[in-house]
Amino acid sequence: MTPARRRLIQVLSIAALLAAWEVAARAGWVDPLFVPAPSAVARAVGSIGREAVGLIGETLAKTLVAYVLAVALGVGAGLAIGGVRYLHDVLNPFVVALYALPKILVLPWILLAFGLAATPAVVYGVLQGFFPICLLVAGGVRDIDRTPLRVARSMGATSGQLYRKVILPAVLPAVLAGMRLGIIYCLLGVLVVEMFGGIRGMGFLLVTFANAFRAPELFAATALVSLLSIGVVLGLERLNRRLGHWR
Amino acid sequence: MSRIVLARLGVLTGLLGAWEIWAARGNPLLYVPPSRVVPALGRVLRLEAYPTLLSHLGVTAFEIVTAYLLAVALGLALGFALGLPRHVGEIYEPLLAALYAIPSVVWYPSLMLFFGLGSASKIAFGVLLGFFPVVLAVLAGIRAVDPHILTVARALGAGPRTCFVKVVLPAITATLVAGLRAGLALSVVGVLVGEILGARRGLGYLINDAYGRFRTADYAALALLALAVVLIVDAAAAWTESRARRWTEGAAG
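Protein chains in written order, with this note's numbering: chain P, 708 to 954; chain S, 5 to 257.
The set of hints was computed from the structure by calculation and includes no laboratory data. Quantities reported herein were computed from a predicted structural model and do not represent experimental measurements. Idealized CB from N, CA, C, for every residue including glycine. Accuracy of the hints is not assured; some may be wrong.
To be verified - Which bits of chain P does chain S cover? Going by a derived footprint, with three or more residues having C-beta under 8 Å, they are:
| hint | region |
| --- | --- |
| 1 | 713-723 |
| 2 | 800-813 |
| 3 | 898-907 |
| 4 | 917-925 |
| 5 | 930-936 |
What the hints assert, rightly or not - The following residues of chain P were derived to be distant from chain S, with all beta-carbon distances above 12 Å:
| hint | residue |
| --- | --- |
| 6 | 708 |
| 7 | 736 |
| 8 | 745 |
| 9 | 746 |
| 10 | 758 |
| 11 | 783 |
| 12 | 820 |
| 13 | 858 |
| 14 | 867 |
| 15 | 869 |
| 16 | 872 |
| 17 | 873 |
| 18 | 887 |
| 19 | 910 |
| 20 | 939 |
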């Protein structure tokens with residue numbers, strides 16, 4: 708099957724789903740109080756648009772700060788744990804355990820300790836993003852084929868050359884994979900804090916609409932955040948491919 | 005080996021010690037040193053802090069089990085429906101992967117709207133989180149089945165049913181069991197997140213309640229209890245996974 712044909716069927720499937728949903732809502736098969744028609748959701752996008760754009764900006768700003776910190780800390784720790792065998796043996800079980808444990812348990816404490824502004828959202832976003840990034844990078848570094856390194860060294864490469872020409876290109880895929888996964892976790896962390904702490908942003912907006920039973924606006928806001936998130940991930944993937952060519 | 009274990013213990017002790025010293029200097033409402041968490045945990049476990057603890061734990065356990073069973077059933081059904089026919093998975097897996105790129109908690113307010121603040125919304129969120137790894141594992145497993153073996157089996161006269169039971173199922177078991185384990189962990193997280201974001205019963209509700217009343221030591225003790233639940237569930241899953249792996253390796257060899 709050609710990619711174009713696959714894409715066509717995907718688009719048609721989504722269109723058919725939306726059409727069926729619209730028909731079901733108009734015919735009264737589903738309660739419009741809970742499941743509004745796509746056309747009503749589209750109108751709601753227009754009505755919440757102005758408010759949503761500002762709040763998306765706030766949520767994104769917090770996510771970006773959390774993401775930069777999580778990437779810096781996660782890549783640094785991942786390179787150290789993946790590159791130094793002793794550190795890996797000692798610290799990896801901690802990272803794996805902390806990655807697996809539900810971070811939501813410390814969320815109340817983070818709100819208590821860091822107040823109700825942007826800080827707890829950033830802290831929790833970093834907490835969510837750090838461990839997956841660190842684990843992916845550490846795993847990637849450990850899996851590097853060491854032969855090219857030995858060959859380059861025996862052929863007299865300087866350490867600067869080794870780093871630029873051998874180590875960096877070999878480590879890059881793991882770092883990029885970590886960065887791609889990390890952004891979802893950071894956004895998730897920020898949204899959870901906004902929801903739970905009632906902090907300005909898209910998370911709080913979603914909860915407000917849900918509590919007020921404003922289903923069309925809720926669906927519209929959910930769709931906006933979802934599209935935003937898919938867009939960011941696809942953007943990072945494109946960047947990955949670019950850098951892949953460069954390698 | 006033992007030197008590494010010692011180093012790990014050293015790291016752990018260092019962290020706990022640093023926390024003890026740090027917490028002693030901070031606001032006691034915010035910073036609970038380990039020396040205060042241990043007695044609080046004792047009171048929680050003896051049902052002195054929360055006499056109704058067991059019924060709340062029961063609610064959480066019920067939500068987790070229900071959510072996980074539904075997640076597995078839905079995940080297996082959708083996974084095989086997409087994976088077994090040719091081309092269907094090719095078309096719809098990218099859409100599924102795109103959904104996976106959305107932070108799951110975005111869906112929680114809608115689930116709250118549909119299912120209210122009771123157990124149903126927590127179960128629904130647990131299903132939503134737990135179901136993805138199962139579907140993706142089924143799809144990955146089916147993709148990895150060696151087509152030559154299937155061709156040979158068919159040539160030797162195996163019907164679709166025999167092919168499925170004797171070739172596909174053993175080949176995907178290892179991947180599938182890993183997916184089932186990841187799904188379980190996520191179902192647990194989903195239920196806990198749902199309870200903490202807003203509930204009237206359950207372990208998450210108690211944690212929230214303790215935090216809301218500044219009973220920080222109790223909060224820390226309850227959080228540790230929740231961690232213990234998570235660890236026990238995961239240990240059980242890991243044991244099952246290793247058993248399943250041994251079974252498939254035995255079948256292959």
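**Item:** Exclusion check [residue 910 of chain P not at the chain S interface, CB over 12 Å]
**Value:** violated (8 Å)
**Interface exclusion of residue 745 of chain P relative to chain S, criterion Cβ beyond 12 Å** = holds (14 Å)
**Asked** Against chain S, does residue 887 of chain P keep a CB gap of more than 12 Å to every residue?
**Response** Given a closest Cβ separation of 9 Å, the condition is violated.
**Verdict on residue 939 of chain P as a residue remote from chain S, using beta-carbon distances over 12 Å** = violated (8 Å)
**Asked** Is it correct that the beta-carbon of residue 783 of chain P has no partner in chain S closer than or equal to 12 Å?
**Response** Consistent with the label, residue 783 of chain P stays out of reach of chain S, its closest Cβ about 18 Å off (over 12 Å).
**Request:** Mind verifying the non-interface call on residue 708 of chain P? Its CB should be farther than 12 Å from each CB in chain S.
**Result:** violated (6 Å)
**Reported absence of residue 758 of chain P from the contact zone with chain S (all CB gaps over 12 Å)** = holds (16 Å)
**Request:** Over 12 Å to the closest beta carbon of chain S is the bar; see if residue 873 of chain P clears it.
**Result:** Given a closest Cβ separation of 29 Å, the condition holds.
**Asked** Far enough from chain S: is every CB of that chain over 12 Å from the CB of residue 872 of chain P?
**Response** Consistent with the label, residue 872 of chain P stays out of reach of chain S, its closest Cβ about 33 Å off (over 12 Å).
**Request:** Quick one: work out the minimum CB distance from residue 869 of chain P to chain S and report holds if it exceeds 12 Å, violated otherwise.
**Result:** holds (28 Å)
**Consistency of the no-contact label for residue 867 of chain P, given chain S and a CB cut of 12 Å** = Residue 867 of chain P is indeed farther than 12 Å from all Cβ atoms of chain S, at 33 Å.
**Request:** Against chain S, does residue 736 of chain P hold up as non-interface, every C-beta pair farther apart than 12 Å?
**Result:** Its Cβ never comes within 12 Å of chain S, the nearest being 16 Å, so this holds.
Of the numbered hints stated above, those contradicted by the structure are hints 6, 12, 18, 19 and 20, listed in ascending order.
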